[in-house]
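Now for the letters of each chain:
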Amino acid sequence: MSHSDKFDVIVIGAGHNGLAAAATLAKRGKKVCVLERTNAIGGMAQSRDNDGTSVPYIAHLLHNLNPTVVKELGLSSAIKLKELPTIALDPDGRHIEIAGNKAQYTDGSAHPDAAIYEEIRARIIKFGQLLEPMAARTAPDLSEGASFAGLPELMPLAKLGLKMKLMGKKEMREFMRIALSNVYDLILDDMEDGVLAGSLAADSVWGMWTGPRSPGTVLSLMYRYCTGGQSSLPIGGMGAISHAIADVAKNNGAQIRTNSAAEKLVVEDDQVTGVVLKDGTTIETKAVMSSAGAFQSMMIGGHENFDVEAVRRLRNVRSKGTTAKVNIVLKDVPEIAGLSDSQMASRLLIAPSAYYIEQAFNAIKYGEMPPAPVIEAVIPSLSDTSIAASGKHVLSAVVQYIPYYLEGGWNDKARNKLTKIVVDTLSKYAPDLRDKIDYTETLSPADIEQETGAPGGHWHHCEFSTDQMLAVRPVNLLARYAFGIKGFYLCGASAHPGGDVSGLAGRNSALQLIKDGAAS
Amino acid sequence: MGKHDKYDAIVAGAGHNGLTTACYLAKAGLKTLVIEKNDMIGGAAISRELYEGWTYSNCSYVCSLLRQEVIRDLELPRFGLQVVPYQGSVSFHEDGGYFSSYDDHHAFRREVARFSEKDVDAYDRYSQLVMRQCRFIRPFLLRTAPDPTTLRPRDIGELIFLAKRIHDLGQKEVGEMVRFWTMSVGDFLDEHFETPIIKAAMAGSGIIGTGLGVYSPGTAYVLLHHYMGDVDGSIGAWGFARGAMGAITKALGAAFKEAGGEITMGSGVNEFLIKNGKVSGVALDNGDEYHAPIIASNMDVKRTVLKHIGREKLPADYVRSVERFKIRGSSGKLNIALDSLPKFPALPNDNLMFSGDMSCSSSLQNLEMAYDDWKDGRFSKKPFFDMLIPSRIDPTLAPPGKHMMSVFTQYCPYDLNVDGVRSPDNWNEATKKAFADSVYDRLEIVCPDIRDRVLHAEVRTPLDIENEVGLTEGNIFQGELTFDQLLFNRPVPGYAQYNTPIDGLFIVGSSTHPGGGVMAAPGANAAREILRRIGKGKSMPDFNPKIAA
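From first to last, the protein sequence lines are chains A and B.
For the record, in the first sequence the residue sitting at position 461 is 559 according to my numbering, with numbers rising by one throughout.
For the record, in the second sequence the residue sitting at position 491 is 1956 according to my numbering, with numbers rising by one throughout.
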């Protein structure tokens, strides 16, 4: 082992959060090394090249990449985004186009609920933006309580309270009423259940083990919409985002090593001093950040180094994945009656009602696949010619309510069944889809776990529910990134504020590490 | 045109909360009238002799939440109230096994150990957690919820009290509390226990009376509504009111009369009389009118506002909020008169558990499936039930040798789905019988000869409960116990201190903080608010004298 191998910080996992952490540290002069288990960086945010066709491997759209992260890392020139409208597909052909908060039928005629839809969505975005500052910092530490020492930690809460007051009584009351409520009632109190209602309800449950009727879904919708709620397609594929962040890290001197799996931390006197790789080499470091799942990170750290209560809590982190990915490589673009060519390039949503979504959720509770799942599909090559070189297109489908714990387990037969369900569901809207399929690639939650290490294949690593949020994310008393051992930090989606390609968990964690002086 | 009489205060509805409010108003010297639409007082805490010699607890059936402070202060035992604690519970498994809960710690540990050693340890941790939450919440039951949007000194004082209570818990306990208050009872139990039947046995308390499933976030909190009570200071204990649940309201009625109050029965409030934003009296169905500057409605907020006040008399925002308030019927009941005790093949003869709660749910998944049926407007194919034989403890309820059985059942919808159409009109003799059969089928797993023992029975759907008691959709809590409807949100943000936009009109039933159960806390809190407004706040004891400095 050479002397140059000693780092300030080693980051485990080159998903977008790991990379954001590395970039944040490197920009502040830390000597950083990122260790990636697989041969490619990006984790869930990567593009794969399948015989000249670029496939968005798992994640395919951005909806709340955090502006603070973009600004701090100077990403705005490096990444190009194309905002996509949403087409909420209707089984009866009355599709709805949603751009921003405006909704209308795809033929341009007015939707009767458009005004109320706009009002609800705008309010959720407003409340989301109100909470966003809480997401963009470490969860508050209340251990000092209402004392002088505790003041700095109470300030953000006081600010939030003040902002709420400034909204006026009426809005403040509405916020306090709906914040922990369920999206199903919120929407259907004012709107007919249908395609438009379904489009809102769906955005509250992506990646989660909850249905629209579950309390807490309004909060998750606020989180998703906290930067405006707009879906964007990254030009050059999802991988371009990860690479842009990685470039910031590298340009500031960070190393990124693929095919380097971290096996175990070296801990001396309760302080991290190094990382042992799977191949047996040891790298010295002052601090380690892990973007792996919370439980998995604990295992890397060595459970014997954790408080017994912490171990129990970490064992109980809920991360039952609910989302599968089906990539359909197409010989040609299928047709959906009523949609123009440019509309086909939109974010296509199959969630025809809140009721439909709840029914789809029912199945997962018993380890079954729903016969009619909720799907978010996009054909990126229609918007991005840079990835359409092969002439083939890819219909990328995120499929909601596919259980990680499938009754009977995941195998080829189950995977084929999932593919069939998805193709059947899509074919209801695009009848010629089957004839245009070249081949399909199906990733169950179990496959996603296998590929990316995300526990349960879970989008958020750790279920995004109120009891695993903020000061109790991933678990009580380990919510401020510092993770049980001196110099060990959690920086992945299971840390505050949670998943989605937002970059916040990695960035916040890195800032906390610096603040704690753990790498100096 | 009937009578015209003047009072200082009128209470609409003689449920336990209405009577509690009435008692305090009368004791403060107000000339108070209680109006009850039925021919007897009691609301949902009622005993009825449907057949000679048989006493039915038609709706609520066990007692624990009734505030000790109220019992003592109103001297209810002097008026005949006697709560007899019962022990334990048993949950039957479909395969013939059972799991019992004992009050005795050692006995309970031995019982859990039959299934899992791990769960024995888990139980101690679990009880400690739940008990801490109970302790935390109990002081809030007899306080008015603060309005966080105002700057009134009293609201700020109450908020400081709340903040101080939370602060004093310390970081760790605050974290545990946030988790407990927001998680589902299913997840909470999964975290502790591994044995399906133990989890199922404990989950029942998290869903009783709600329109939520065991895996719906927020149901762990509902658990508290069934744990935070006590019988004579023994927290978490449950008891039977001697003479059935009507004994509670009978005692309250007698206390009220002794304080000089009047009760009129047989015709309910048709309309709250309102002039220039001020209430002046009530008009009854039979045409009688009574006048008073203070009217307290024991009816749920939806019924009060949407059925008995013209919406043009109220701010549109308020009406909208009331329309949004969720009161969902989810439970039904069978009251069964038995010519003898049925056989329980799974239990040894004369088992202690015959006197406690009995249920039959073998897993959380089964309970969740029962909820999924209800979401779709159907009664559960395999319903959850909480069954008791109160005559084992109180033999006066049935003729000698015979027994009364109470079977609380969930889930049962208000708007029944028949062929895709959801409507309460779908409840008829045939659908009611089908519902009853689904319950008997479950009961037969526990006592196979149950159908042969039935002398007569009363089947109560949410629609029946609405029609007879007046509870909207037959919801036993007068409103779902979800976060959007608790504390300062209950029943309507900005009107959570028992008041309404109408001057002089108050809501005093379970639609208000702290919610349902035969608790009498809403009624007592409301009385305190009313008396405070007329400058008589001191005439009622402050059950919570301590306000944080």
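Certain hints may be false.
Derived EDC-like pairs (lysine to aspartate or glutamate); straight-line CA-CA distance at most 20 Å [unchecked claim]:
1. LYS1629/B <-> ASP536/A
2. LYS518/A <-> ASP536/A
3. LYS534/A <-> ASP522/A
4. LYS1629/B <-> ASP522/A
Quick caveat, the hints were computed from the structure, so don't treat them as lab data.
Is it true that the CA of LYS1629/B sits at most 20 Å from the CA of ASP522/A?
Since the Cα atoms of LYS1629/B and ASP522/A sit roughly 57 Å apart, the hinted pair is violated (cutoff 20 Å).
Between LYS534/A and ASP522/A, is the straight-line Cα distance small enough, at 20 Å or below?
holds (14 Å)
Restraint check for LYS1629/B with ASP536/A, where alpha carbons must lie at most 20 Å apart:
violated (64 Å)
CA of LYS518/A to CA of ASP536/A, is that 20 Å or under?
With a Cα-Cα distance of about 14 Å, the restraint between LYS518/A and ASP536/A holds, given a limit of 20 Å.
Comparing the model with each earlier hint shows violations of hints 1, 4; every other hint is respected.
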